[in-house]
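Protein sequence lines, in the order shown, are assigned to chains L and C.
Its first residue numbered 1, the first sequence is counted upward by one per residue in this note's numbering.
Its first residue numbered 1, the second sequence is counted upward by one per residue in this note's numbering.
No wet-lab data here; the hints were simulated from the structure.
The beta-carbon is built from N, C-alpha and C at its ideal position, and this holds for glycine as well.
Be aware that a few hints might be false.
Once the Cα atoms are required to be at most 30 Å apart in a straight line, the calculated DSS-like pairs of lysine-lysine come out as [what the hints assert, rightly or not]:
id: 1; chain 1: C; residue 1: K541; chain 2: C; residue 2: K107
id: 2; chain 1: C; residue 1: K270; chain 2: L; residue 2: K96
id: 3; chain 1: L; residue 1: K166; chain 2: L; residue 2: K211
id: 4; chain 1: C; residue 1: K168; chain 2: L; residue 2: K221
id: 5; chain 1: C; residue 1: K168; chain 2: L; residue 2: K76
id: 6; chain 1: C; residue 1: K168; chain 2: L; residue 2: K187
id: 7; chain 1: C; residue 1: K69; chain 2: C; residue 2: K507
id: 8; chain 1: C; residue 1: K315; chain 2: C; residue 2: K514
id: 9; chain 1: C; residue 1: K507; chain 2: C; residue 2: K308
id: 10; chain 1: C; residue 1: K168; chain 2: L; residue 2: K113
id: 11; chain 1: C; residue 1: K308; chain 2: C; residue 2: K514
id: 12; chain 1: C; residue 1: K107; chain 2: L; residue 2: K76
id: 13; chain 1: L; residue 1: K166; chain 2: C; residue 2: K168
id: 14; chain 1: L; residue 1: K96; chain 2: C; residue 2: K267
id: 15; chain 1: C; residue 1: K383; chain 2: C; residue 2: K454
id: 16; chain 1: L; residue 1: K96; chain 2: C; residue 2: K259
id: 17; chain 1: L; residue 1: K31; chain 2: L; residue 2: K76
id: 18; chain 1: C; residue 1: K534; chain 2: C; residue 2: K107
id: 19; chain 1: L; residue 1: K96; chain 2: C; residue 2: K168
id: 20; chain 1: C; residue 1: K370; chain 2: C; residue 2: K475
Just a sample of chain C residues kept apart from chain L, beta carbon distances all over 10 Å, derived [unchecked claim]:
id: 21; residue: L450
id: 22; residue: T472
id: 23; residue: I543
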Amino acid sequence: MIPTRTIQLDNISKSYGDTHALTSTNLIIHKGERVALIGPSGAGKSTLLSILSGAIQSDTGLYSLNNENILSLSTKQRAESVGIIRQQFDLVGPLKVVHNVLSGHLGRWGLIKSLLSLIHPFALNDAREALARVGIENKLFELTSNLSGGEQQRVALARLFVQHPKVVLADEPVASLDPARADQIIKLLVELTHEGEQTLVASLHSIELAKKYFSRIIGIKDGAICLDKPSVQLSEKDLQLLYRLEHPHV
Amino acid sequence: MFSNGPLTQQDKTRALNMSLSLLLILWGFSSVQWNSNLIHAGGAHTADQLIKALLHPALNKEILTRAFKAVGITLSYALTGMSLSLLFAFILGLIASGVLFENNRFKLLVKGTRHLLLFMRSIHELVWAWLFVAAFGLHPLSAILALAIPYGGTLGRIFSNMLQDVPKAPTNALSLVGASPLQKLFYVYLPYAIPNMVSYAMYRFECAVRASTVMSFVGLGGLGYEIQLSLNDLEYTEAFTYLYALILLILCIELWSNKLRLSPSLKLHKHWSIQRISIFGAALATALAWLYIHITEGVHLTDLFNEKNLKYTFKFLSGLLGVGDQTPAFLSWQAWHKALVLSLETLQMSILAILFAGLLALFFALPGSKYKMNQNSQGRRGKLNFLLYYLLRGVFIFSRAIPELVWAMMFVFLFKPGPLPGILALGVHNFGILGKLCAEVVENMDQAPLEALKTSGASAPQTLFYGILPLTLPKFITYILYRWEVIIRTSIIVGFVGAGGLGQAFKLSMSWFKYSEITLYLICYLVLIGGVDKFSNMLRKNI
Chain L
1 MIPTRTIQLD NISKSYGDTH ALTSTNLIIH KGERVALIGP SGAGKSTLLS ILSGAIQSDT
61 GLYSLNNENI LSLSTKQRAE SVGIIRQQFD LVGPLKVVHN VLSGHLGRWG LIKSLLSLIH
121 PFALNDAREA LARVGIENKL FELTSNLSGG EQQRVALARL FVQHPKVVLA DEPVASLDPA
181 RADQIIKLLV ELTHEGEQTL VASLHSIELA KKYFSRIIGI KDGAICLDKP SVQLSEKDLQ
241 LLYRLEHPHV
Chain C
1 MFSNGPLTQQ DKTRALNMSL SLLLILWGFS SVQWNSNLIH AGGAHTADQL IKALLHPALN
61 KEILTRAFKA VGITLSYALT GMSLSLLFAF ILGLIASGVL FENNRFKLLV KGTRHLLLFM
121 RSIHELVWAW LFVAAFGLHP LSAILALAIP YGGTLGRIFS NMLQDVPKAP TNALSLVGAS
181 PLQKLFYVYL PYAIPNMVSY AMYRFECAVR ASTVMSFVGL GGLGYEIQLS LNDLEYTEAF
241 TYLYALILLI LCIELWSNKL RLSPSLKLHK HWSIQRISIF GAALATALAW LYIHITEGVH
301 LTDLFNEKNL KYTFKFLSGL LGVGDQTPAF LSWQAWHKAL VLSLETLQMS ILAILFAGLL
361 ALFFALPGSK YKMNQNSQGR RGKLNFLLYY LLRGVFIFSR AIPELVWAMM FVFLFKPGPL
421 PGILALGVHN FGILGKLCAE VVENMDQAPL EALKTSGASA PQTLFYGILP LTLPKFITYI
481 LYRWEVIIRT SIIVGFVGAG GLGQAFKLSM SWFKYSEITL YLICYLVLIG GVDKFSNMLR
541 KNI
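One chain only, chain L, in its complex shape (with noise of 0.2 Å):
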């Protein structure tokens, strides 16, 4: 059988006046991958991560989503293929967890349900099993401002869960995490993608923790893909190469 392509990226450039974030890069990945995006900071893994999800449109080149164009999706079609989580900040603190948890299901919820749903909650057990995956049950009604940064991170996964995208994205998930807890982390979100065969291409500062969780690994570099290969063949000078500075005097 031949594998899906879930992502295509055709001659991809971004830039930000002078700064070439990303360069005519190609990139295909199939369906079900785990993806490891590496490479020192500035070299175009957010760039490049944001304009997966859609968030930023490309300068130049076609990026295809389960063989569609991206910008032929509507709001409510891209939330349904590609969804992202990064650093904590994503929550609203001032709103209750089950209500955070809940608004993954924005995009297919009309607005009389949303506002009716924050006076008394809709699909509450979505939200519970959610939680429950994420190891947080307890934390339904809490205040999100309330939570730790770990729990926080559970529950922007809580949500994430709740939207189901096809493609998950993370961008730094775990950066203001201590290492246990970034460990946990990272295998939670490898755990619930696995189980729901989506795809997962995630940006990661750990070395170890993309060779321990992902399948495949993704060296960047000045804003282009200098790295491609199965984790298994990563080798210490393919790492030395990657991370080198180029101009030590600066």
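Given the structure of chain L, go ahead and fit chain C onto it with the hints provided.
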């Protein structure tokens, strides 16, 4: 603030600003003819009587009942006006913030709403009141609208800023989940902004009570009206009863809002935090106030639009536009010349008033703050500081609780009508406000640098010049400039009772139904306000 070595661009700008300000101040002094002719013939005697009345306000049952009733009316107008202004502010602020519109098609609407808010808050509530009374007659809704419009303008801008300050990350996250702008409003913007909106509205309520007092001056009932009547009848002891009632009212609101600001979740009862009580209490009081005005004054919205009123309104509006006037004032060179002279006089008044208020406040900020008291708490010196602190705090409250208009009414008894009583009225009221603000700046200043200075052996005066002043002066100046912007708006008000400037002329034109002159003065007033705002902004950027 001062640097040696080559002058930077900023140094030059500062030097230029400072010389400009000094020139303006010197020019301001020319507004008053400084001679013995300033004082009213019976001024000394009146002053004596006023001081006696200050110490012995009338306390008989009849006056107290009247005062109690007047407090009720003043509060009702404040609450109804405030509730309507919140409605205006919420709707207009939401549009002006632009958070609902993601494409550029609505750019013009957003911009237009911002300008509308600016216009609403540029005109002082008492001027609005005059205009509405001229258009609709002495109708309670004139007062309610006169309060609701400028307050709606101010609150609307603050609300729109609060909506814009909501963190971007959660908003973007929900966009990617597929949420519509309206869904984002309810799931992100409002949860973040509403607590801030509520606490800001509570804070503004104190100002609304003062404004409602002033507004009754145009002939609508309430504390201001009673004060005016007593002063006109030379019943000073009664006037002070009403004044004390006003001060007490303001003091209560201030104490409550301080508690609310500092510890909103303090529980007064098992389930009732101070915040919850305030919100429910305010809602209940507002409902009662509407009911009260509806019953006692028989307010019906439809009243405003009956045939007779429409005719008057039309007549007033066409009068403003100069219809039927042979030479409308705004087309006459002579009238423009007069208006220009008056505008300059108003500007001079505002400069002297802020100078007076600012210098006094700077001088008393330190002894008026807890800082000084805590420094020397032992011995006789400590007792003196203690006494001075409470005395000054009392003076601050007294001088700011009394609206500038009422101060002006009293000062025109002591001094001859003209700019001087206006300057003093504006100065005294703003001294109270600035004194409080500056004392709070001193209390909140960073202690670490001061401790460091003390450990290195600095004396008290050395600490003042090397620590306290550099730490606090920029904030003082910011507050002073901000109050100057408020003063230029109120300068027209004190003129209404004969204290000089544009206001005096405005009142005369109003009395003689020369409505096209009103238009001219309003134009000058708006230009003056715009100019002062611009200049003060420029100064503030380079502190």
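Hints, verified against the model:
Note on K541 (chain C) and K107 (chain C): the hinted pairing holds, with a Cα-Cα distance of about 28 Å set against a maximum of 30 Å. For a cut-off of 30 Å, the pair hint linking K270 (chain C) to K96 (chain L) stands: about 22 Å separates their Cα positions. Restraint check: the Cα-Cα separation between K166 (chain L) and K211 (chain L) comes to about 23 Å, which is no more than 30 Å; the hinted pair holds. Annotation: proposed proximity of K168 (chain C) to K221 (chain L) holds, straight-line Cα distance about 28 Å (limit 30 Å).
Proximity of K168 (chain C) to K76 (chain L) is assessed by CA-CA distance (about 21 Å); at most 30 Å being required, the pair is judged to hold. A distance of roughly 28 Å separates the Cα atoms of K168 (chain C) and K187 (chain L); the hinted pair therefore holds under the 30 Å criterion. Restraint check for K69 (chain C) and K507 (chain C): satisfied, since their Cα atoms lie roughly 28 Å apart, inside the 30 Å limit. About 12 Å separates the Cα atoms of K315 (chain C) and K514 (chain C), which keeps this hinted pair within 30 Å; it holds.
A C-alpha spacing of about 24 Å is found between K507 (chain C) and K308 (chain C), which places the hinted pair at or below 30 Å, so the restraint holds. Proposed proximity of K168 (chain C) and K113 (chain L) is supported: the alpha carbons are some 24 Å apart, at most 30 Å. At most 30 Å may separate the alpha-carbon atoms for a hinted pair to count; K308 (chain C) and K514 (chain C) meet this at roughly 21 Å. Between the alpha carbons of K107 (chain C) and K76 (chain L) the distance comes to roughly 25 Å, so the proposed pair stays at or under 30 Å and holds.
Annotation: proposed proximity of K166 (chain L) to K168 (chain C) holds, straight-line Cα distance about 25 Å (limit 30 Å). Of the supplied pair hints, the one linking K96 (chain L) and K267 (chain C) holds, its CA atoms being roughly 22 Å apart against a limit of 30 Å. At most 30 Å may separate the alpha-carbon atoms for a hinted pair to count; K383 (chain C) and K454 (chain C) meet this at roughly 23 Å. Taken as a hint, the K96 (chain L) and K259 (chain C) pair is honoured in the structure, with Cα atoms around 26 Å apart against an allowance of 30 Å.
Using a Cα cut-off of 30 Å, the hinted pair K31 (chain L) and K76 (chain L) holds, with the two alpha carbons roughly 21 Å apart. A distance of roughly 24 Å separates the Cα atoms of K534 (chain C) and K107 (chain C); the hinted pair therefore holds under the 30 Å criterion. For the hint linking K96 (chain L) to K168 (chain C), the alpha-carbon distance of about 19 Å falls within 30 Å, and the restraint holds. For the given pair, K370 (chain C) sits about 18 Å from K475 (chain C) by alpha-carbon distance, which is consistent with the 30 Å threshold.
Listed as outside the interface, L450 (chain C) is consistent with that label: its C-beta sits roughly 34 Å from the nearest C-beta of chain L, beyond the 10 Å cut-off. A cut-off of 10 Å between C-beta atoms confirms that T472 (chain C) is not in contact with chain L; the least separation is 33 Å. No Cβ of chain L comes within 10 Å of the Cβ of I543 (chain C); the nearest lies about 32 Å off, and the non-interface call holds.
In terms of the numbered hints stated before, the structure departs from none.
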